[in-house]
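Residue numbers (our numbering), protein chains in the order written: chain A, 1 to 437; chain B, 438 to 750; chain C, 751 to 1081.
By construction, these hints were calculated from the structure, which means they are not laboratory data.
Taking lysine-lysine and the DSS-like style, the derived pairs with C-alpha atoms no more than 27 Å apart in a straight line are: (1) C:K935 - A:K426; (2) A:K58 - B:K544; (3) A:K381 - A:K302; (4) A:K41 - A:K76; (5) A:K302 - A:K370; (6) C:K935 - A:K206.
Derived CB-CB ranges, DEER-like: (7) A:P297 - C:F809: 55 to 61 Å; (8) B:P485 - C:W843: 54 to 60 Å; (9) B:A671 - C:G883: 21 to 27 Å; (10) C:W843 - A:A204: 47 to 53 Å; (11) C:A841 - B:N580: 41 to 47 Å; (12) B:F500 - A:K40: 50 to 56 Å; (13) B:A671 - C:W833: 48 to 54 Å; (14) C:W817 - A:A238: 32 to 38 Å.
Computed from a predicted model, the values in this text were never measured in an experiment. Cβ coordinates follow ideal geometry from the N, Cα and C atoms, glycine included.
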Amino acid sequence: MDKCRRTSRTRVAAAVSAVSALGLIVSCGGSDSGGTGGGKKDGTVTITMGLFGVMGFKETGLLDTYMKEHPNVVIKADVAGDEQTYYTALQTHLAAGSGLKDIQGIEIGRAKELSDTQQDKFVDLAGVAGTDHFLPWKQSQVTTADKKVIGLGTDIGPMAVCYRKDLFEQAGLPTDREEVAELWEGDWSKYVDAGKRFKQNSKADKVAFMDTSSGLFNAMIYGNSQQFYDKEGELIYATNPAVKDAWKLASEAATSGLTAKLRQFQPGWDPGLANGTFATAVCPAWMLAHISEKAGPANKGKWDVAKAPKGANWGGSFLGVMEKSPVKKEAQELVAWLTAPEQQAYLFKEIGNFPSSQTALGLPEVVDAKSDYFSGAPIGKIFGAAAQEIPDEQVLGRKDGTIKDIFSQGLTLIEAQNKSPEQAWKTTDKRIGKAVG
Amino acid sequence: MTTDSIPVRAADAPPETVRMKRGATPSGARRRRLFAHPRAGRQHHAGPLAYILLGIAALFSLFPLYWTMVAASTDNTRVTQTPPPFLPGPHLLENLGKAWQDAALGKAMLNSLIVAGVIALSTVLFATLAGFAFAKLRFKGRNILLMLVIGTMLVPPQLGVVPLFMMMTELGLGQKLPAVIFPTLVSAVGVFFMRQYLSEALPDELVEAGRVDGAHSLRIFWSIVLPIARPPMAVLFMITFVHAWNDFFWPFIVLDMSNPTVPVALTQLSAGYVRDQSLIMAGALLGTLPLLAMFIIFGRQIVGGIMQGAVKG
Amino acid sequence: MAISTSTPSDGAPGTAPSAGTGTGGDGQRRSTLLHRLDVRGAPYAFVAPFFVVFAAFSFYPLIYTSWISLHRVELSTLNLMEWVGFDNYTALWDDDRFWNALLNTITIGVLSTVPQLLMALGLAHLLNYRLRGSTFFRVAALTPYATSVGAAALVFTMLFERDFGMINWMLSLFGVENIDWENNKWAAQTAISSIVIWRWTGYNALLYLAAMQAIPRDRYEAAAIDGASRWQQFLMVTVPGIRSTIVFTIVLSTIGATQLFGEPLIFGQGPNGITGGADNQYQTLGLLLYEEGWKNYQMGRAATVAWAMFLLLIVVFVVQRVVQRVAARKA
Chain A
1 MDKCRRTSRT
11 RVAAAVSAVS
21 ALGLIVSCGG
31 SDSGGTGGGK
41 KDGTVTITMG
51 LFGVMGFKET
61 GLLDTYMKEH
71 PNVVIKADVA
81 GDEQTYYTAL
91 QTHLAAGSGL
101 KDIQGIEIGR
111 AKELSDTQQD
121 KFVDLAGVAG
131 TDHFLPWKQS
141 QVTTADKKVI
151 GLGTDIGPMA
161 VCYRKDLFEQ
171 AGLPTDREEV
181 AELWEGDWSK
191 YVDAGKRFKQ
201 NSKADKVAFM
211 DTSSGLFNAM
221 IYGNSQQFYD
231 KEGELIYATN
241 PAVKDAWKLA
251 SEAATSGLTA
261 KLRQFQPGWD
271 PGLANGTFAT
281 AVCPAWMLAH
291 ISEKAGPANK
301 GKWDVAKAPK
311 GANWGGSFLG
321 VMEKSPVKKE
331 AQELVAWLTA
341 PEQQAYLFKE
351 IGNFPSSQTA
361 LGLPEVVDAK
371 SDYFSGAPIG
381 KIFGAAAQEI
391 PDEQVLGRKD
401 GTIKDIFSQG
411 LTLIEAQNKS
421 PEQAWKTTDK
431 RIGKAVG
Chain B
438 MTTDSIPVRA
448 ADAPPETVRM
458 KRGATPSGAR
468 RRRLFAHPRA
478 GRQHHAGPLA
488 YILLGIAALF
498 SLFPLYWTMV
508 AASTDNTRVT
518 QTPPPFLPGP
528 HLLENLGKAW
538 QDAALGKAML
548 NSLIVAGVIA
558 LSTVLFATLA
568 GFAFAKLRFK
578 GRNILLMLVI
588 GTMLVPPQLG
598 VVPLFMMMTE
608 LGLGQKLPAV
618 IFPTLVSAVG
628 VFFMRQYLSE
638 ALPDELVEAG
648 RVDGAHSLRI
658 FWSIVLPIAR
668 PPMAVLFMIT
678 FVHAWNDFFW
688 PFIVLDMSNP
698 TVPVALTQLS
708 AGYVRDQSLI
718 MAGALLGTLP
728 LLAMFIIFGR
738 QIVGGIMQGA
748 VKG
Chain C
751 MAISTSTPSD
761 GAPGTAPSAG
771 TGTGGDGQRR
781 STLLHRLDVR
791 GAPYAFVAPF
801 FVVFAAFSFY
811 PLIYTSWISL
821 HRVELSTLNL
831 MEWVGFDNYT
841 ALWDDDRFWN
851 ALLNTITIGV
861 LSTVPQLLMA
871 LGLAHLLNYR
881 LRGSTFFRVA
891 ALTPYATSVG
901 AAALVFTMLF
911 ERDFGMINWM
921 LSLFGVENID
931 WENNKWAAQT
941 AISSIVIWRW
951 TGYNALLYLA
961 AMQAIPRDRY
971 EAAAIDGASR
981 WQQFLMVTVP
991 GIRSTIVFTI
1001 VLSTIGATQL
1011 FGEPLIFGQG
1021 PNGITGGADN
1031 QYQTLGLLLY
1041 EEGWKNYQMG
1051 RAATVAWAMF
1061 LLLIVVFVVQ
1071 RVVQRVAARK
1081 A
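Whole structure, please, built from the sequences with the hints as guidance.
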């Protein structure tokens, strides 16, 4: 009995020490509180990055290249898949002043909010050497009222229409990309008309003309310089004719059964690409890599890219450096390098992220780029031309990203839940009120 | 039966009490059969129909897990075709490897292990301490305090997430593991569970004898209470561990993707830019494996533990 | 919950007279003092950790929630609190989303709890037979309990996929058209409920089984002598015999149901998860709380939803107590 007690006592002692040991691990694990994780030690510079989605720096090995060229630099990049999650975390980090990285990615839909409310947390990048090569409107999106620049542009999202040649053919539509572009030249409503023709003549069962009406909606609104906000920061979505027209046409497409009722970048969308359940998708340049990967080698050569009715910019991001960072200078150099023309051109070639650098747009590897997967389409020319059509002034608003999501959901209401466009608009309106309140 | 000294009216008593009555024997000796009642249950042999129905139930329980494995072992094209695959494909290891990297599951598992381990250990320790005090020590306000413990069961901690989040952010604990651990260091159910066990399994004479020997309370706790309390402590540990490992709401709010627990890391697989379905399933499989292994090894003990004490967070 | 707090017989060890008698001396006196301090103080020290942690991380936040709910607080500027009185409450009262979420929480709660407990009862009855391989069946029934919400919801989301999911494929064998599980309100709520049912049925069955095994066999024998069939025995002996456990599981499942969060969040995938579908068709109160706080970044409004959830719980408990009392009076 006594012996048994003693063993158990040692065990308890062991358990107690285990608790305290674990507690120690835990508290040590949080040793970087307040900092950004980066720093200098023994001649090595560590730079941390917080990224989201497929910005490509890590995925294409650009960061490795940089580290090879700068042996004293170690880069640690965290990539969050979902921008919404990423941004919520960034907000709390900004509020707490901890958990931030040296470099943070900024999505275009958040650019305004950050430059309005958090500008003092970001380093002013206005004077950084060799950064005068961007498209003028790109940098103006992250320039504050007092001319501070909180980020450098990575990519932009000029739009085209990706389509399946084989599906067009069986529906009696042209398949050549020039002729296809002519089908809807200059007017998005012609794109919907083509869809109606497709629907009437298609022999393929269960193949829709487009994946979702929200792609069409986004393409239309981003062709204008104002979407949800005006320059004074007032909400104008309810009266903005650009938004109204886009809503009308997108809901027309939805109610006439032209869509596959899929949500872009959600799981049902991929198999739709692979199995060919829709014939077109409005595609910003960065979407091409995704389509080719998910549609798979079996569909190589079936897809092609045609010019969109009107130029527009969907998406694009920035890289900012945090004021708190102990390695500000090194981080700025890294950001400048990552957004330099050569690197932008490289990213375009690798994953299709279209350069926001004017200089890069003139580089031969961009201008002459062709896509094997998309039937040899001259994507450099197509997206380059689209980029020229993007309005020179683009007004951003604080809750752009959130409002865009709410509109997508509103269109889903019509598309998949048989709500009338009027009902869906009402709901959307109410939700925006809550989201900005 | 030696539990008659405690008056319990079976019909009105809560299940814990009833079960504890059977679960405890004063000597603390381990019983062979955890849940056999000499005069109860197990009246009939099962007929073929019962086996068929149980087989169906087992199938429903296990099939989703089996299918997770199947989906994780195919590639993306196969898994999105109809009819869906029913047999494993050749890509299991490859997908597991990719998912391991993509969702940062290695870090997530270590985090979960730390979180669940610390919570389970501290819950067991504090519950046994408090349970012993409530069961065997006399002090002013004991009954009121015990009622208070029971009352706290009705307050789900999730309701305080907003201030808790603000607190943790202010303390600089946002996105850190202590933020997940602190609020769940103790459990009211655990305290009550240990109290019920000890008030029946621990003879007063033993404690008194300890006092006569001049032992102080902590010594009595260590050398007399703990040996006897080991079986329920093990049960409480396992169940708390499972709950802490699977806890979602609060970790999801306070942690982020750079420092997640397993359930939080898994959400990353489904949200955002699409990954392969087979990779999502591989991640889900990986995230489930540690507990699954625990259930395969300790299944019998866990089943016994749950039947002994209704502990559910 | 009626939880008995029967205490051990009176001569509890704590009151036992201090042992060391006989020779006096200073050391002796000091140790007696220490001993007395130990006997008096130790119990409080032993229960203190529980109360300290509870007060700091449960009670204080609960109270503070109500204070926050009277303010406008944004996530990015947590230290700026602007007093708004009851505005958040009136806004919540007028908000369709709140009533919708409340209703969804209730319907999903019913859809998940009722079948779950009924099936658990049946399963427990089966497990209560004399079985070969009973351990296997018990462990198998409990396996889903080992699966985290995250993993379970991911798998079920895929099984319920519209275009290539296993469930739609099976239904198509019976000529059923593909169901849009996510967009159709009742389909979505059913699918989400099925995740809950899958995870918790086995667990509840084991609780019932434990209670069933405590029913004295002579009650069955008496019923058999009275000519009761097996089914009648089940209704008249088994079910009343485990009544208190049934009440207990109802209480626990109800608490769980009011806080449903992970299952619908993951089921919706991405932005639809937080809003509980494009039409909020499966948004629960837990999701609404999250949307207000961590998507709209309005912590004051999130705190208001938390309070509403708390009130809901209280109402449920009051109703449950009343029903129980009325039932007891009738019996």
